[in-house]
Structures are given as structure tokens and as C-alpha cells.
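**Student:** These protein sequence lines are chains A and B, in that order. So the first sequence is numbered by our numbering: it starts at 1 and just counts up by one. So the second sequence is numbered by our numbering: it starts at 1 and just counts up by one.
Certain hints may be false.
Below, in silico cross-link-like pairs of lysine-lysine (DSSO-like), each with a Cα-Cα straight-line distance of 30 Å or less [to be verified]: (1) B:K14 <-> B:K44; (2) B:K9 <-> B:K44; (3) A:K73 <-> B:K14; (4) B:K57 <-> A:K70; (5) B:K9 <-> A:K55; (6) A:K78 <-> B:K44; (7) A:K55 <-> A:K70; (8) B:K14 <-> A:K103; (9) A:K73 <-> A:K55; (10) A:K78 <-> B:K14; (11) A:K55 <-> A:K98; (12) A:K98 <-> B:K9; (13) A:K73 <-> B:K9; (14) B:K103 <-> A:K73; (15) B:K44 <-> A:K73; (16) A:K78 <-> B:K9; (17) B:K14 <-> A:K55; (18) A:K103 <-> B:K44; (19) B:K44 <-> B:K103; (20) B:K57 <-> B:K9; (21) A:K78 <-> B:K103; (22) B:K9 <-> A:K70; (23) A:K78 <-> B:K57; (24) B:K57 <-> B:K14; (25) A:K103 <-> A:K55; (26) A:K73 <-> B:K57; (27) A:K103 <-> A:K78; (28) B:K57 <-> B:K44; (29) B:K14 <-> A:K70; (30) B:K103 <-> A:K55.
It is worth saying that the hints were derived from the structure and are not from the lab.
One letter stands for each residue in the lines below.
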Amino acid sequence: AQTVTQSQPEMSVQEAETVTLSCTYDTSESDYYLFWYKQPPSRQMILVIRQEAYKQQNATENRFSVNFQKAAKSFSLKISDSQLGDAAMYFCAYFDDKIIFGKGTRLHILP
Amino acid sequence: NAGVTQTPKFRILKIGQSMTLQCTQDMNHNYMYWYRQDPGMGLKLIYYSVGAGITDKGEVPNGYNVSRSTTEDFPLRLELAAPSQTSVYFCASSYDRRNLNEKLFFGSGTQLSVL
């Protein structure tokens, strides 16, 4: 069975600095998707970034980028120029025929 | 542009009562999911469906049932509510893994308390 592990329950970063959230996963599949979702206190689930496993190039979305290491089954999220609005729970997720989420990392932004 | 619609938004149940959480999507998605999120925790998959007439268990299916008679609807049934089922429930939908624009669309969640 697929599993997703986020080993950092909480992290803090100074505003305008860079922070990296870790995620590892386990699967025997070769074709799958990986996601990072953000969940602010409103409970809404917001897609941050998506990576297709067949693509070697790391995905980027403005200040958000990933480091996708397929052989190591690692999928970390880097947030550059952190802003107060980035404070939220961040979930890593794996998808082939069902989507499995990690336990999340709560990110605090220090002004 | 409705997306994924969940009802109700809030509900309080007594132990042993039953209820159905409704989920409807208007995007013609094949895949639909039910998750629960306990306070401060991640989302756990309860059940999912890859198309009408097809359902499968997720990580935490005990105490729940689902059906998928149409592409649009994926209701979640709690037969004998227990305090351990107090949680926030999310319905979600997606195309399938072959769609290059793959993403999950989430409903707004249902806060369920069992007392």
C-alpha cells in the first residue's frame, strides 16, 4: 500500500526567508502524481503545486518549487520569500488511482 | 460553476443515530473520494470510487458505507454514529490519472459531532 510521510509536524520561518518542507512516499508504481496542498484556518484545500512522476523537471509555481527525487521517493516543497499569508497546514499527497495524504506540516511565518 | 457541493456543512448526531452526507459534482469527474480530517491531523481516505457502480475501501472504511449510482453523486452513510466519528469530512473529485491537468477538487467540508 502506498504511504506518504511528512516528518516535520511544525516549522517556522522568518518572513521573506526560504523554507523547505519534506515529504517521502512509498509506492511500487512508476506512473503517478504528487501534490502539495495548503489548508489555511478556513479549512479550504488549496492546490499549491503538482508534479507528474514521468517528468524529470521539477515543477515551479511562482514562489513555490519542488525537489522531486523519484529514485529516492522524495518530494520536498520550497517556499521562497515567505509571506504571512503562507502560514497554514501543508499536506503532501500521492495519486495513482486514489489520493493518499501525509499527516501535514504546520508552517508558521514569523514577522 | 458549482464544482463539488457537500451538504450539510454542520451536523450534531447522538450516539447510534444514522445520517447521510451528500456529495455532488458537476464536472463529469470519474473519481470521487471521501476523507475525514481529525483535529490537527491529515486527511484519511474513507472510500473512493473510480466511476458509477464502482466503489472501494480506503484507509479507514469501518463504520461507513458508500454508493455511486450516478457519475455526479457519491453519498457517505454513517449507520450507527459513534463519538470516534466526530471529524470534518471532505468530499473530493478528479478526472483520472490519464488527464494531464489532474488535480483534486474539494468540497467545503462537513463538521460532524457525535455526542
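**Student:** Determine for every hint whether it applies to the structure shown.
**Tutor:** Going through the hints against the structure:
1. For the hint pairing K14 of chain B with K44 of chain B, the CA-to-CA distance comes to about 23 Å; that is within 30 Å, so the pair holds.
2. Taken as a hint, the K9 of chain B and K44 of chain B pair is honoured in the structure, with Cα atoms around 19 Å apart against an allowance of 30 Å.
3. Of the supplied pair hints, the one linking K73 of chain A and K14 of chain B is violated, its CA atoms being roughly 44 Å apart against a limit of 30 Å.
4. Only pairs whose Cα atoms come within 30 Å are accepted, and K57 of chain B paired with K70 of chain A is accepted, the gap being roughly 27 Å.
5. Distance hint between K9 of chain B and K55 of chain A is unfulfilled; the C-alpha atoms sit about 39 Å from each other, more than 30 Å.
6. Restraint check for K78 of chain A and K44 of chain B: satisfied, since their Cα atoms lie roughly 25 Å apart, inside the 30 Å limit.
7. Distance check on the hinted pair: K55 of chain A and K70 of chain A sit about 10 Å apart at the alpha-carbon level, within 30 Å; holds.
8. Restraint check: the Cα-Cα separation between K14 of chain B and K103 of chain A comes to about 29 Å, which is no more than 30 Å; the hinted pair holds.
9. Only pairs whose Cα atoms come within 30 Å are accepted, and K73 of chain A paired with K55 of chain A is accepted, the gap being roughly 14 Å.
10. Using a Cα cut-off of 30 Å, the hinted pair K78 of chain A and K14 of chain B is violated, with the two alpha carbons roughly 44 Å apart.
11. Annotation: proposed proximity of K55 of chain A to K98 of chain A holds, straight-line Cα distance about 20 Å (limit 30 Å).
12. A C-alpha spacing of about 24 Å is found between K98 of chain A and K9 of chain B, which places the hinted pair at or below 30 Å, so the restraint holds.
13. The suggested pairing of K73 of chain A with K9 of chain B is violated, with an alpha-carbon distance near 37 Å, which exceeds 30 Å.
14. With a C-alpha separation of about 20 Å, the suggested pair K103 of chain B and K73 of chain A falls inside the 30 Å cut-off, and the hint holds.
15. Of the pairs offered as hints, the one joining K44 of chain B and K73 of chain A holds, with about 21 Å between alpha carbons and a cut-off of 30 Å not exceeded.
16. Proposed proximity of K78 of chain A and K9 of chain B is contradicted: the alpha carbons are some 33 Å apart, above 30 Å.
17. Only pairs whose Cα atoms come within 30 Å are accepted, and K14 of chain B paired with K55 of chain A is rejected, the gap being roughly 49 Å.
18. Taking the CA atoms of K103 of chain A and K44 of chain B, the gap is about 9 Å. The hint holds against a cut of 30 Å.
19. Among the hinted pairs, K44 of chain B with K103 of chain B is consistent with the structure: their alpha-carbon atoms are about 17 Å apart, no more than 30 Å.
20. As the CA atoms of K57 of chain B and K9 of chain B are separated by approximately 24 Å, the hinted pair is consistent with the 30 Å bound.
21. Under the criterion of a C-alpha separation no larger than 30 Å, the hint pairing K78 of chain A with K103 of chain B is consistent with the structure, at around 20 Å.
22. For the hint pairing K9 of chain B with K70 of chain A, the CA-to-CA distance comes to about 39 Å; that exceeds 30 Å, so the pair is violated.
23. A threshold of 30 Å between alpha carbons decides the hint, and for K78 of chain A with K57 of chain B the separation of about 33 Å lies outside it, so the pair is violated.
24. Distance check on the hinted pair: K57 of chain B and K14 of chain B sit about 25 Å apart at the alpha-carbon level, within 30 Å; holds.
25. Restraint check for K103 of chain A and K55 of chain A: satisfied, since their Cα atoms lie roughly 25 Å apart, inside the 30 Å limit.
26. A distance of roughly 25 Å separates the Cα atoms of K73 of chain A and K57 of chain B; the hinted pair therefore holds under the 30 Å criterion.
27. As the CA atoms of K103 of chain A and K78 of chain A are separated by approximately 18 Å, the hinted pair is consistent with the 30 Å bound.
28. Our distance criterion of 30 Å between C-alpha atoms is met by K57 of chain B and K44 of chain B, whose separation comes to about 11 Å.
29. Taken as a hint, the K14 of chain B and K70 of chain A pair is broken in the structure, with Cα atoms around 47 Å apart against an allowance of 30 Å.
30. Distance hint between K103 of chain B and K55 of chain A is fulfilled; the C-alpha atoms sit about 16 Å from each other, no more than 30 Å.
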